[in-house]
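Counting in this note's numbering, the sequence shown runs from -14 upward without gaps.
Incorrect hints may have been included.
[As the list claims (entries may be wrong)] Keeping only pairs whose Cα atoms sit at most 30 Å apart, straight-line, the calculated DSSO-like set for lysine-lysine is:
| # | residue 1 | residue 2 |
| --- | --- | --- |
| 1 | Lys98 | Lys75 |
| 2 | Lys86 | Lys49 |
| 3 | Lys86 | Lys75 |
| 4 | Lys86 | Lys103 |
| 5 | Lys75 | Lys103 |
| 6 | Lys86 | Lys99 |
| 7 | Lys46 | Lys98 |
| 8 | Lys99 | Lys75 |
| 9 | Lys84 | Lys98 |
| 10 | Lys46 | Lys84 |
| 11 | Lys86 | Lys98 |
| 12 | Lys49 | Lys84 |
| 13 | Lys49 | Lys75 |
[Unchecked claim] For each label pair, taking beta carbons as the anchor points, the in silico distance ranges come out as:
| # | residue 1 | residue 2 | range |
| --- | --- | --- | --- |
| 14 | Tyr96 | His70 | 50 to 56 Å |
| 15 | Arg109 | Arg88 | 30 to 36 Å |
| 16 | Ile17 | Lys86 | 20 to 26 Å |
| 17 | Ser14 | Glu35 | 36 to 42 Å |
By construction, these hints were calculated from the structure, which means they are not laboratory data. None of these values were measured; they are calculated from a predicted model. Ideal placement from N, C-alpha and C gives every residue a C-beta, glycine not left out.
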Amino acid sequence: MTKPLQKWKLPQPTDIKEDNEWIPIPRISRTIPFGYTVDPDDPDVLLPIEHELDMLEQAQKYLKQYSYREVANWLTRNTGRDISHVGLRKRLDNERQRKDKARSLRRWANYAKKAIAKAEEIERNRLGAKAQESSQKAEA
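Hey, can you work out the whole structure from these sequences and the hints?
The structure is reproduced here in structure tokens:
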């Protein structure tokens, strides 16, 4: 008896950039993340604020050299939107965790695909409890 295969659900990235252009994302919580605003036509969609998201990418690079507090102050000055050092840290940590989780799930999906292919190959070569080759040798 074989179990039905389950579908893998990969987490959706929070910041999607296609062809160097930010695209809208679905709203999944009450809090509006830095770099987005609510779509006036559909409250379940967040529209990207390109300037803020580009600055957030740049801020991520600055964190290798400066503290979260200094980078958050720089980000607030340059975008006009307030973000605390704690908020910046949470935003970047959540993004990092989602990317790591997506990478792990893709890897597991790859392993499962290989294992399923190998199991199907073994099942094709087997007949009952014995392998086909050994049963053919016994008949000859």
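Checked hints:
Proximity of Lys98 to Lys75 is assessed by CA-CA distance (about 34 Å); at most 30 Å being required, the pair is judged violated. Taking the CA atoms of Lys86 and Lys49, the gap is near 23 Å; set against the 30 Å cutoff, the hint holds. Between Lys86 and Lys75 the alpha-carbon distance is near 16 Å, which keeps this suggested pair within the 30 Å criterion. Distance hint between Lys86 and Lys103 is fulfilled; the C-alpha atoms sit about 26 Å from each other, no more than 30 Å.
As the CA atoms of Lys75 and Lys103 are separated by approximately 42 Å, the hinted pair breaks the 30 Å bound. Taking the CA atoms of Lys86 and Lys99, the gap is about 20 Å. The hint holds against a cut of 30 Å. For the hint linking Lys46 to Lys98, the alpha-carbon distance of about 36 Å lies beyond 30 Å, and the restraint is violated. Taken as a hint, the Lys99 and Lys75 pair is broken in the structure, with Cα atoms around 36 Å apart against an allowance of 30 Å.
Taking the CA atoms of Lys84 and Lys98, the gap is near 21 Å; set against the 30 Å cutoff, the hint holds. Between Lys46 and Lys84 the alpha-carbon distance is near 17 Å, which keeps this suggested pair within the 30 Å criterion. Restraint check for Lys86 and Lys98: the C-alpha separation of about 18 Å stays at or below 30 Å, so the hint holds. Restraint check for Lys49 and Lys84: satisfied, since their Cα atoms lie roughly 19 Å apart, inside the 30 Å limit.
Between Lys49 and Lys75 the CA atoms are separated by roughly 16 Å; this keeps the pair inside 30 Å, and the hint holds. Range check, Tyr96 to His70: about 39 Å between beta-carbon atoms, so the 50 to 56 Å window is missed. A C-beta distance of roughly 32 Å is found between Arg109 and Arg88, which places it inside the suggested range of 30 to 36 Å. Between Ile17 and Lys86 the beta carbons are some 22 Å apart, a value that agrees with the proposed interval 20 to 26 Å.
Separation of Ser14 from Glu35 is about 22 Å and departs from the stated range, judged on CB atoms against 36 to 42 Å.
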